[in-house]
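Novice: The chain contents come next:
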Amino acid sequence: MNQIAAIAVHAFKESVREKVLYNLVIFAFLMIGAGLVLGSVSVGINDVALVNLGLSAISVFGLFIAIFIGISLVWKEMERRTLYNVLSKPVARAEFILGKFLGLVLTLVVNTAIMTVGFYAVLWFEKGRLGAADLAPLEAVYFILLQLTLVVGVALLFSAISSPALSAVFTLSLYVIGNLLGDLRALGEQSGAALRALLRGLTLVLPDFAALSDIAPAARGELVPGSQIVSHSLYAALYIAALLSATIVIFERKDLR
Amino acid sequence: MLVLALAGSVALRIRLERESTRAEVTPVMYVTSGATLRRLSLGHQGLLADLYWTRAVQYFGRQKLSGTGDYRDLGRLLRISTELDPHLLIAYRFGAIFLAENPPAGAGRPDEALALLRRGIAANPSYWRLWQDLGFIYYWDLKNYPQAASALEAGSRQPGADLWMKTLAASVAAQGGELATSRLLWFQVYSQAGNESIRQSAREHLAAIKTAEDMAQLNKLLVEFGQREGRPASSIDDLVRAGMLPGRPADPSGVPYEVGNDGKAALGPGSRVDLQMAR
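Protein chains in written order, with our numbering: chain A, 1 to 257; chain B, 1 to 279.
In short, the hints are calculated from the structure, not lab data.
Even glycine gets a Cβ: it sits at the ideal position worked out from N, Cα and C.
One or more of the hints may lead you astray.
[Unchecked claim] Between beta-carbon pairs, the in silico distance windows are:
(1) A/46 - B/115: 56 to 62 Å
(2) B/30 - A/19: 32 to 38 Å
(3) B/68 - A/163: 30 to 36 Å
(4) B/66 - A/186: 37 to 43 Å
(5) A/222 - B/36: 42 to 48 Å
(6) A/135 - B/143: 45 to 51 Å
(7) A/231 - B/179: 44 to 50 Å
[As the list claims (entries may be wrong)] Derived coverage of chain A by chain B (criterion: at least 3 residues anywhere in the stretch with Cβ under 8 Å from a Cβ of chain B; other residues may be distant):
(8) 11-24
(9) 36-45
(10) 121-133
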């Protein structure tokens with residue numbers, strides 16, 4: 001456990017040194033601030049537009065952070081040959097993967113927290129005061145974090161088997177597909193038995209990112225039922241466990257010479 | 001070098017803008033399907049709905065200022081906004097007004113306004129104000145009083161509906177087309193309006209209704225004058241001299257009423273009241 005924690009802390013420290021992180025966070029703040037402008041050139045959607053734009057900014061830039069840093073987590077260590085040093089400590093390959101994953105999740109939590117503080121600062125500036133109804137976006141932020149954690153798991157898996165460029169493409173592709181599973185399901189229902197079964201299988205196995213999206217309801221001030229929070233959290237946890245298991249199996253069989 | 005180059009490019013840009021004729025911005029919609037846009041949004045359909053609603057507002061404002069009365073893309077923009085976010089209530093409410101009002105103030109398409117509101121009600125069945133708006137469109141733009149009463153009555157049964165909805169439904173059913181009923185409807189619009197342009201429109205309608213009521217009263221007095229004096233009144237002053245009026249009444253824009261060539265009450269020159277709004 002100590003070794004996993006040590007690797008996690010090191011991965012976190014390494015991630016926060018990435019300059020792209022600061023650029024993305026700055027752009028996220030700019031987008032959140034732009035929510036004030038959007039409301040002023042429209043009619044009747046000042047608060048809604050601010051919440052939609054703010055949460056979308058946190059989600060999109062969090063996604064970029066998760067992908068850019070996640071895809072190079074393992075690859076960078078292999079390129080620099082520092083991986084061999086770590087594994088010779090001795091650190092089990094599984095511990096290495098878990099430590100890297102937790103380190104990046106910690107990075108995402110900290111960055112998301114910073115962006116969320118910025119978002120609430122802008123919301124407070126717009127509304128003058130915050131009330132109980134403004135808690136709904138916090139739930140959306142939690143679901144965004146679940147999505148990003150899932151993305152990190154996917155990015156880590158691909159980074160163990162591929163180059164950073166391809167890992168980025170695969171991760172982004174899976175993210176897009178994961179948002180379109182509803183359409184795949186609908187397509188399957190209109191197809192023949194074999195295709196229907198195949199598509200049904202795919203929609204059950206592929207990560208359902210759309211199910212973890214709560215931005216639009218949060219903008220309307222709607223809270224998610226507690227049972228749904230629990231069930232979606234459990235789904236994300238199980239899927240991440242599956243991704244990490246697959247990554248560990250691949251990494252343990254990988255010839256590092 | 002950097003400062004000089006940047007200054008030079010800015011100066012040249014300003015000159016080019018002055019010299020070029022104003023280009024017409026042609027509205028373009030590359031994607032006209034809300035369902036497709038929803039897929040492309042990857043979970044950010046709420047933001048996209050806000051952008052399309054903003055686009056609809058800007059489009060409506062631009063076309064209204066141009067005075068052309070051409071709102072051909074308005075229905076599509078509103079449809080896309082509400083397909084992206086079926087709970088974007090402002091798009092249904094304001095969109096229906098934009099669509100229903102006669103040109104050049106609006107698109108003059110009450111049928112599209114009804115379709116928009118019905119989609120809104122399907123997605124938000126317990127939001128009673130959409131029923132209210134439906135009732136108003138049937139009442140004002142289609143003069144279909146039974147349907148208006150039915151819509152208002154359905155709205156009155158929704159949770160949280162204001163008490164006056166039931167009263168209004170009954171009033172419309174019994175006296176649809178009466179000025180008093182119209183005044184009640186527009187007073188509700190005025191008191192609920194969350195936007196100054198809607199409030200202004202309601203003020204103008206209420207002013208027109210008051211004017212129509214005043215003129216109906218004046219016409220009764222003119223007939224009475226004619227019967228009493230054996231000659232038609234040549235001006236409102238005749239009624240004042242006959243003691244039938246305490247003074248010369250003015251319309252809500254402050255312009256005194258006059259007697260028209262047909263012997264009936266008429267608006268004075270320079271009056272800013274639009275009597276069409278009372279119909």
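Novice: Now tell me, hint by hint, if it's right for this structure.
Specialist: Each hint tested on the structure:
1. A/46 - B/115: 56 to 62 Å: 28 Å, violated
2. B/30 - A/19: 32 to 38 Å: 35 Å, holds
3. B/68 - A/163: 30 to 36 Å: 56 Å, violated
4. B/66 - A/186: 37 to 43 Å: Since residue 66 of chain B and residue 186 of chain A have Cβ atoms about 42 Å apart, the given range 37 to 43 Å holds.
5. A/222 - B/36: 42 to 48 Å: Given a distance of about 25 Å, which is not inside 42 to 48 Å, the answer is violated.
6. A/135 - B/143: 45 to 51 Å: At 47 Å between Cβs, range holds.
7. A/231 - B/179: 44 to 50 Å: 58 Å, violated
8. 11-24: violated (count 0)
9. 36-45: It holds, with 6 qualifying residues against the three required.
10. 121-133: violated (count 0)
Checked against the numbered hints above, the structure breaks hints 1, 3, 5, 7, 8 and 10 and satisfies the rest.
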